[in-house]
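K.L.:
The chain contents come next:
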Amino acid sequence: MQPLLQVQNIRKTYGARIGCTDVSFDLYPGEVMGIVGESGSGKSTLLSCLAGHAQPDTGAVIFDGRDTVTMAEPERRMLARTDWAYVHQNPRDGLRMGVSAGGNVGERLMAVGARNYGTIRDTATDWLGRVEINADRIDDRPSQFSGGMQQRLQIARNLVTGPRLVFMDEPTGGLDVSVQARLLDLLRGLVRRMGLSAIIVTHDLAVVRLLADRLMVMKGGHVVEQGLTDQVLDDPQHAYTQLLVSSVLQV
Amino acid sequence: MNAPQKNTTEYNFAYLDEDTKRMIRRALLKAVAIPGYQVPFASREMPMPYGWGTGGVQVTAACLTPDDVLKVIDQGADDTTNAVSIRKFFQRTADVDVTERTADATIIQTRHRIPEAALTEGQILVFQVPIPEPLRFLEPRETETRKMHELEEYGLMHVKLYEDIAKHGQIATAYAYPVKVEGRYVMDPSPIPKFDNPKLSDNPALMLFGAGREQRIYALPPHTKVASLDFEDHPFEASKANHNCDICGAGDTYLDEVITDDRGSRMFVCSDTDHCRTRQEA
Ligand SMILES: Nc1ncnc2c1ncn2[C@@H]1O[C@H](COP(=O)(O)OP(=O)(O)OP(=O)(O)O)[C@@H](O)[C@H]1O
Ligand SMILES: [Mg+2]
Ligand SMILES: [Zn+2]
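Line by line, the protein sequences are chains U and C. Letter by letter, the first sequence follows residues 256 to 506 in the working numbering. Letter by letter, the second sequence follows residues 491 to 772 in the working numbering.
Because the hints were derived from the structure by calculation, they are not lab data. It is possible that some hints are incorrect.
Some chain C residues judged to face chain U by a derived CB distance under 8 Å, without partners named [as the list claims (entries may be wrong)]:
# : residue
1 : L628
2 : H648
3 : Y652
4 : D723
Note that CB positions come from ideal geometry on N, CA and C, so glycine has one too.
Build out the structure end to end from the sequences listed, making use of the hints.
P.N.:
As structure tokens, then:
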């Protein structure tokens, strides 16, 4: 099987400071990769480079055979609204707060040419259902939603066009623990059912346990360990990973 | 060279100096070459407030020649304060002939309407534009809207129409209804009623749009194809009040509702006063 995404030697610096460096991995269709590490370890920087939000200093990000670092911007933006999806930590960054829930979900459909109002609305209704938002909230604005609902709406808005690769930066970040658990369940169901490939950045080892097939541990911009999630968590090799795992077990 | 000159002390012809007019004409040429594309220009201070259509006034000033016949309308009427002031301004600064008759005018500056009478080749219609960016409503970032135009990412325009239907059961946008020009640029036609939208397409006249505060000029050359955005199941309709004009009886013109006394009596009259009068005289 061909990898869906090939990440080769990605490096991104901010002046003299390293954002991330020497990052390489392959992601296969249907695979979920978790990225963990302490604050400032370079997780978001890496994700931005992979998703085309930031330009890496060196390296290649090959999606489906095409290098997204060197491709022309129109092509990259087209990918961003068709094959890719990006779920922001703060739903405000990923939603249009002045647009109804239905309009938020419908936007990607309209962006790729949907021009039938009835069909767009039916699809939006269906997707609200899939993320457990009642159909009668379709005309409400996100500002009338709870944090958990906003995050689920953001997910629906991203998945509606059936992307192949989803980037998520701390998708459960700002939420209460009970809300987090429900969102995780939902995400797991969607990822498995749609056969999505995903890259999920998180502080939370519970998130990777539940969602990630593979795990990458970052520190100071470097990848210090990567492997199958269970292997890395149950038998961490690197001292830093051991610390990370043990500190979680103490919680 | 030493001969005494008249009228040179106060104003240059049509108020603006020749360098400024040249700069505006360059912007206009570019705008005509790329129909529907917003061309930046260095808008000048005009001796009137922004809300009065300084963008349109600058475009008119840059197009005007001594032989032109100027008509100025505001919401279809020649006799509102705004229209009268702009007309007087050009009479004083350019000494051009003015008219209220659409057919006699070579340049028509307008706010919020396209005349009912069919325009002809050689006529120029100058629109006053408050907000030139049709995507502004949903995307406030100028860098982003520019990119969206460049890459033809116009899904957002339909989000706006979607919201309309979701809220009102139909596309309720009645003014400044967005259009697509020659299958390429999405454009704000200025706050004309959507009733006027069909007149934008394939019109023999040259249409120029000037936004003073926002410093943008755009254009529709004669016979440009202009399509109003819509959905398959909610097609565009050039709607108007379901009445005839109570003065001239026209059934195919855009009407203003006028309250005629303090008991709430009302009547419908053509918003295009010249058109209504021409029909009465006929
Ligand atoms: N825009 C920026 N300008 C300068 N330095 C930056 C910028 N963004 C990140 N950095 C630096 O790059 C390094 C990696 O930051 P990054 O945000 O990728 O970490 P992170 O792992 O996502 O952290 P967190 O868990 O707190 O979100 C840090 O040293 C950070 O200070
Ligand atoms: Mg981060
Ligand atoms: Zn009439």
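K.L.:
Does C:H648 pass the interface check with chain U, least Cβ-Cβ distance below 8 Å?
P.N.:
holds, 4 Å
K.L.:
Closer than 8 Å between Cβ atoms is the bar; does C:L628 clear it against chain U? Give me holds or violated.
P.N.:
Hint holds; C:L628 Cβ to chain U Cβ min 7 Å, cut 8 Å.
K.L.:
Close enough to count: is the Cβ of C:D723 nearer than 8 Å to one in chain U?
P.N.:
holds, 5 Å
K.L.:
Less than 8 Å between beta-carbons is the criterion; does C:Y652 satisfy it with respect to chain U?
P.N.:
holds, 5 Å
Violation of the numbered hints given earlier is absent; every hint is satisfied by the structure.
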